[in-house]
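For chain X, the structure is supplied; the task is to place chain P on it using the hints.
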Amino acid sequence: MSTNPITWPEAEVVSRPFVDRLHEWVTTVDHKRLGLMYIFYALIFLVIGGIEAAIMRVQLSAAHNNFVSPQVFNQMFTMHGTTMIFFVAMPLVFGFANYLLPLMLGARDMAFPRLNAFSFWLTAFGGILLYFSFLGGNGLYGAGGAPDVGWFAYAPLTAPTFSPGHSTDFWTLSLLVSGFGSIGTAINIIATILCMRCPGMELRKMPLFAWLNLVMAGMVILAVSPLSAAQIMLLIDRYLGGHFFDTQAGGSAVIWMHFFWIFGHPEVYVLVIPAFAMASEIVPVFSRKPIFGYPVMVAATVCIGFIGMSVWAHHMFTIGMSSNANTFFVLSTMAISVPTGIKIFNWLATMWGGKIEFKAPMLFIVGFLFQFLIAGLTGIMLSIAPFDWQLGNSYFVVAHFHYVIVGGILFAVFGGFYYWFPKMSGKMYDEKLAKIHFCLFFVGFHLTFDFMHIPGLLGMPRRIYTYEPGRGWDAWNLLVTIGVFVQALSVLVFAVNLLWSYLKGNLAGNDPWDAWTLEWSANSPPPAYNFASVPTVKSRRPLWDLKHPEDPDWKYE
Amino acid sequence: MITLSNPGGSKKDCVKRSMLQRALLIVFSLVSQAFAEPMTFASPTNIFAPASTPAHSIYGLSLLVLGITACIFTIVVGLMTYIVVKFRRRPEDDDREPAQVYGSIQVEVAWTVIPILIVVVLFMATARVIASVQSPTLDNAVKVTAVGHQFWWEYRYPGLNIVTANELHIPVSDPVHPTPTLITLLSADTDHSFWVPRLAGKTDLIPNRTNSMWIDPQQTGLFLGQCAQYCGTQHAKMLLRVYVQSREEFDRWVREQSQSAHLSDTVSEGRRIFENTACTKCHVVTGTPATGQFGPDLSHLMSRETIGAGVAANTHENLRQWIKNPGAIKPGALMPAMGLNEHELDAVTAYLETLR
Chain X
1 MSTNPITWPE
11 AEVVSRPFVD
21 RLHEWVTTVD
31 HKRLGLMYIF
41 YALIFLVIGG
51 IEAAIMRVQL
61 SAAHNNFVSP
71 QVFNQMFTMH
81 GTTMIFFVAM
91 PLVFGFANYL
101 LPLMLGARDM
111 AFPRLNAFSF
121 WLTAFGGILL
131 YFSFLGGNGL
141 YGAGGAPDVG
151 WFAYAPLTAP
161 TFSPGHSTDF
171 WTLSLLVSGF
181 GSIGTAINII
191 ATILCMRCPG
201 MELRKMPLFA
211 WLNLVMAGMV
221 ILAVSPLSAA
231 QIMLLIDRYL
241 GGHFFDTQAG
251 GSAVIWMHFF
261 WIFGHPEVYV
271 LVIPAFAMAS
281 EIVPVFSRKP
291 IFGYPVMVAA
301 TVCIGFIGMS
311 VWAHHMFTIG
321 MSSNANTFFV
331 LSTMAISVPT
341 GIKIFNWLAT
351 MWGGKIEFKA
361 PMLFIVGFLF
371 QFLIAGLTGI
381 MLSIAPFDWQ
391 LGNSYFVVAH
401 FHYVIVGGIL
411 FAVFGGFYYW
421 FPKMSGKMYD
431 EKLAKIHFCL
441 FFVGFHLTFD
451 FMHIPGLLGM
461 PRRIYTYEPG
471 RGWDAWNLLV
481 TIGVFVQALS
491 VLVFAVNLLW
501 SYLKGNLAGN
511 DPWDAWTLEW
521 SANSPPPAYN
531 FASVPTVKSR
541 RPLWDLKHPE
551 DPDWKYE
Chain P
558 MITLSNPGGS
568 KKDCVKRSML
578 QRALLIVFSL
588 VSQAFAEPMT
598 FASPTNIFAP
608 ASTPAHSIYG
618 LSLLVLGITA
628 CIFTIVVGLM
638 TYIVVKFRRR
648 PEDDDREPAQ
658 VYGSIQVEVA
668 WTVIPILIVV
678 VLFMATARVI
688 ASVQSPTLDN
698 AVKVTAVGHQ
708 FWWEYRYPGL
718 NIVTANELHI
728 PVSDPVHPTP
738 TLITLLSADT
748 DHSFWVPRLA
758 GKTDLIPNRT
768 NSMWIDPQQT
778 GLFLGQCAQY
788 CGTQHAKMLL
798 RVYVQSREEF
808 DRWVREQSQS
818 AHLSDTVSEG
828 RRIFENTACT
838 KCHVVTGTPA
848 TGQFGPDLSH
858 LMSRETIGAG
868 VAANTHENLR
878 QWIKNPGAIK
888 PGALMPAMGL
898 NEHELDAVTA
908 YLETLR
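Residue numbers (the numbering used here), protein chains in the order written: chain X, 1 to 557; chain P, 558 to 913.
Chain X on its own, in the form it takes in the complex (with noise of 0.2 angstroms):
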């Protein structure tokens, strides 16, 4: 595709004050500017969480080091994990849903404008709320400052007696507002796929990205539902003299557990879906084919939001639970390994006899192929009941699902980034600086977490502030510690490139791929009505029939 500058009508664009336009920002409703501020929002928190992450790392870079405190180590620990899930990852999965479903199933908003931005207004403030606790927070014995239970805060440490001050209080109140707005984001999300799609768009002709997000918004409701309630009671035993989590008054440690992972587990394919769609969406365009058996990839998605909801306590195999419950629990577990496994199979069979190009989406996505293979095939072995009962808790679970988040999510995300930056600024991005994002964050991530399983399988607990000499731990985590700064390094080469490519970059023109599906047919970015007579399609890839009048899709779905 040709990039010849186009000129653009200007008429419109006249200068308005500051305070006008982010009065405009602050009040919309337009998915579009939503999706932005979701994405934009969960950028701000990817650094903080980074940072959080690189004081672990150098106060873990050697044995008895003495960087931070425990108290601030068990701070960052916990701040780290409860940000990047909830204050990076899911904001991320919902600003790319928001902006791109109704562009992709050629509607002019979401179905619920107005629920669409208080929804993100609450996951903004239950972000703000929790790093307010640094202020505001009072934690373990005199601590100060931020929650320090942990990013899953199991009971009875969330407990008044062990837990004194308000730093929990914070964890609890900004997840339990967060999570308000990921019901409402899924109730949008939901409504809008089911009614709001162009004529002509049958289920089975919408894009898979619609599909999988569809999966992901019905895991939403049903994951974040029990997270909510069990907040509830924590804030009953805190307040009101509950005992449904105070252990010392005869209360059970072990169904926060539950409540906690049957949100918890499903939480990770929330996420992992909507990377799932991204990958769905960019292997096609950049194979130049269309997916591979689009009704199993259809199946297979929502085999593994079924499967999803009920391998929960895998991640409690260590608390002693009968023989018969952990049999079970690995068996579901095992199980979702087989449509994952489809899934990858159907990429790589899109993939096969196509005319690859490996432009900056592909090559992140050939990324998130790779690491999420492994992080699958050291998923089966904590599968394993026994095996995790050596494995479970160590680094080399942190490894895992690292390896899941950053290798296989963010890699998908960053992919994302880049294939619709052209459509969200109008700008194409500069693909050099793009390449060499990719081959920093591709070193940086095998340097940290391909080193980090070691220590784990020799030994090493996770969430400790230091540790022994002499355990064979030291080496493995001075070079994981390495590997984050240059990780950091390559997301400061993505800021620029984005940054730079909004300010200076070439006009991309409404569709640089030459891509199929119906967001491309808008122009870059689109107006704020998306499309000036709404569309009508006819098969899967509605502009590749535009392209191709001569052998269209339609005469083979």
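Hints are computed from structural coordinates only; laboratory data are not their basis. Any given hint could be a false lead.
Okay, derived cross-link-like pairs now, DSSO-like style, lysine-lysine, Cα gap no bigger than 27 angstroms in a straight line [what the hints assert, rightly or not]: (1) P:K838 - P:K881; (2) X:K547 - X:K355; (3) X:K432 - P:K643; (4) X:K432 - X:K538; (5) X:K355 - P:K643; (6) X:K427 - X:K355; (7) X:K205 - X:K538; (8) X:K547 - X:K427; (9) P:K643 - X:K435.
Frame of chain X; chain P shown alone:
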């Protein structure tokens, strides 16, 4: 269509790439030199060096899993590499789209059924190991109750009249006459987890819940581990030490530990200070008014090699420093500094050093 190669800039790219390669080479050689010595898989807590039946069963199963996953990895990554190399767009390619293939039920069935078969195999093997580790037949087992505290371990031997802390002593298990150890796991406050990787997988200690695990170490020696469930500020320094002894040594240890504390008159001043300070509210010294239950039993303190749940060797200096201010050695430890003066510190240390 934009093609990947840029005829004008290709030479420059080449030069750049070789510089990058050189830089990477330098970094790698530096890193490998720096780590050549200590980068090792040798560790006293290596899960692949089992010394007890549960750890052995897990080890055997893990080899099977590692083998299968290694095969899957090799096949899929091989396929991925082939696809990426074979089907990449080449500069000489024309603009025509490749053949548009929408799917194939046959291959979908194939890559559904094969993973299902692998899952069945893995599941069967796993179910067997779960059953064997979780439902053992333990005749003449030594019974120990481990109680997790913030941030130390209490060990009780019901029937042997022994209460001790942080250093677990058990007899070696002779394969001909096995003497396994059955550990009942309780918690006094928050969640903890008992993990000595060479002996067994971890099992959590959860308040209001009774868990158990068993080990039957087949060699004598010291086995290390540490708490594996976040339990508060000093989770990191809640270390586990398991001393596996020959039957004779273990019986001797039992005889010594089951006696009351040896009280010597030469340190009566230290004892007086100890008993008139709040020490007795948390610690036990058998045969004295010290009957507190929150801290470790000190009746045989000097029989232990470490203090503070394994954080420091049990030397005169460390013990004195610990009594003076535990937070200096283990910030966040629940024992307060008692504000003793130098003379009192010496006296109390001298008293504790007689508790053998």
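Results of checking the hints against the structure:
no., hint, in the structure
1, P:K838 - P:K881, "holds, 17 angstroms"
2, X:K547 - X:K355, "holds, 18 angstroms"
3, X:K432 - P:K643, "holds, 24 angstroms"
4, X:K432 - X:K538, "violated, 38 angstroms"
5, X:K355 - P:K643, "holds, 9 angstroms"
6, X:K427 - X:K355, "holds, 25 angstroms"
7, X:K205 - X:K538, "holds, 8 angstroms"
8, X:K547 - X:K427, "holds, 23 angstroms"
9, P:K643 - X:K435, "holds, 21 angstroms"
Hint 4 alone, counting from the list given before, is not met by this structure.
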